[in-house]
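Student: FYI, the numbering for the sequence shown is 1 to 567, going by the numbering used here.
Derived DSSO-like pairs: lysine-lysine, alpha-carbon spacing no greater than 30 Å straight-line:
id, residue 1, residue 2
1, LYS158, LYS494
2, LYS208, LYS248
3, LYS132, LYS57
4, LYS293, LYS57
In short, the hints are calculated from the structure, not lab data.
Note that the structure is predicted; figures quoted are calculated from it, not measured.
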Amino acid sequence: MRKIKLSAVAFAAAASLILSGCGGGDSDDSGQKNSKGATSEKDVLTSYNPQSASNLKQGGKLTLPIVEIPDQLNHLHGNAVLYSSKLAWFYQPQLSFNDPKGKVTYNKDYLSDVKQEEVDGNTQVTYDINPKAKWNDGQDMDWTMFRDSWKAQNGKDKEFSVGSTDGYSNIASVKKGKNAKQAIITYDGTFVYWKSLFAWVVNPHIAKSGPFNEAYVNKPHPEWGAGPYTISKFDSKGGTVTFKPNPKWWGAKPHLDELTFMQMEESAAVNAFKNGQIDAVEVKSGEQVNQVKSVKGTELRRGTTTSNNLLVFNSTSPQLKDPAVRKAVMQGIDRSQLAKITFQGLGYTEPLPGSFNLYPFQKGYQDNFGKLVKFDAEAAKKGLDAAGWKTGSDGVREKGGKKLKLTFPTIGDRSTTKARATAMAQMLKGIGVKLDIDARPSADFNKVFSKRAFDIFGMGFISSDPNGMMYICQMYCSDSTLNVSRSTPKSMDKDVKAVSKLPTLDEQLKAGNEVELKAMKTYGIMPTHNGPTVWAVKKGLANYGSAQFYGHYGVQGPPTTIGWQKK
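Construct the complete structure from the given sequences, taking the supplied hints into account.
Tutor: Listed below in structure tokens is the structure:
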């Protein structure tokens, strides 16, 4: 479950109307019956109008909104966000895709064959690379892209800033096969998640840490791509990225003549959809749904989400260094009230989430957070008293001459984001904590995140596949770039990393829940909600919408399949 930062949609009000229908049969149903979040696999819903290539028009344009054009355009870098992946999706190689439930399919345009076997107790995988596969600059795509991807992401060279080392750290060797077009991957022991690795690969130009970290900053390098589309216009200041079919592409023909991303805040995107400037928009509040549902020719496509929204507590902040204080502040936050604000007027409810490893509808899920923290203002007050923070004359707690004031940056202009922040401030005021809300534009997300310029921060992750235990290190290893709280100590790393090395899924589920419970006792992260996903799209747009794990890294399925359905 490789997690991608949601960036400016962080701490989002992921909401919809009633979750109804699956596949592509949605109408613009605007009923608001009570609907509950998925708690088993049978409850999982998708809606993305799946169509075969024969049912799609050849040609046409598609214009989509994007909240930001990020500085870091290397989608494998630790500072990459969801939007880094959205852009890479159309011009970088993707060796495999997921279906909505997470089943992996290999991309024949890049891989002619994939075989797995057990050799001397080790999982071994042989990849045969399509003889036609080349990078746009003419270099062959050969076994070295597997080697370079492994070396960049296995965690041994700390100079590489990567989003995840999970899985790659389990590899013992990457070697050339019978020729340069074959790579042989050998794992250290049995590795059950091997299909989830090498969906993306590293270009030779960024095989060293310096270029890997810096070369893609504000530069997309389309010549280093190898996909069905290539970039024809990149204007980060103007907020526009345009793709066209790649003349050097050898694989399945893309259907669109042009695809454009336009940078805009969420409220602007909703208005742009209403005005016909863009062809789809993700809507995340009842207010937004009501604005788009009556637009002529619109479908609302709703499905189960694969995102975790959370509050991060900065354990290095002076006021929050004490885990007892962090726990007390968490006890002072009523998550159910935040959820009511999130889903107000939408007839949607879900159990409060308790894990970042798995979702409530997945086998092995446990409410680990709920075992540790429940909303209890009186217990929160007692905890703060015991930690030495006494209530001052103005109602704000003090210790050592300092006030218990916490900074809470909010990102974007969504009304529910503002409403939740205000509600949090009132909750914390009730236990003697002053929460200073710092409203920021969407483009400031990475500044806040990378510099950790906050005491408490609302953000989120989208999961790329269902194998949550494989990626447990992303959330809980002390040196992970996504471990933003820094509350989990280095002494836990051994136990965290051991989870994905266990030989069976059942053993990993048991150990992973035990490790997560222990990590959550450091009180660094607080899950708030998952929520469903709803897209408003123009009728006829195919293979796009709410599709759970479809594709990879929170981006919709194979780029060649996105297009306009024949009348």
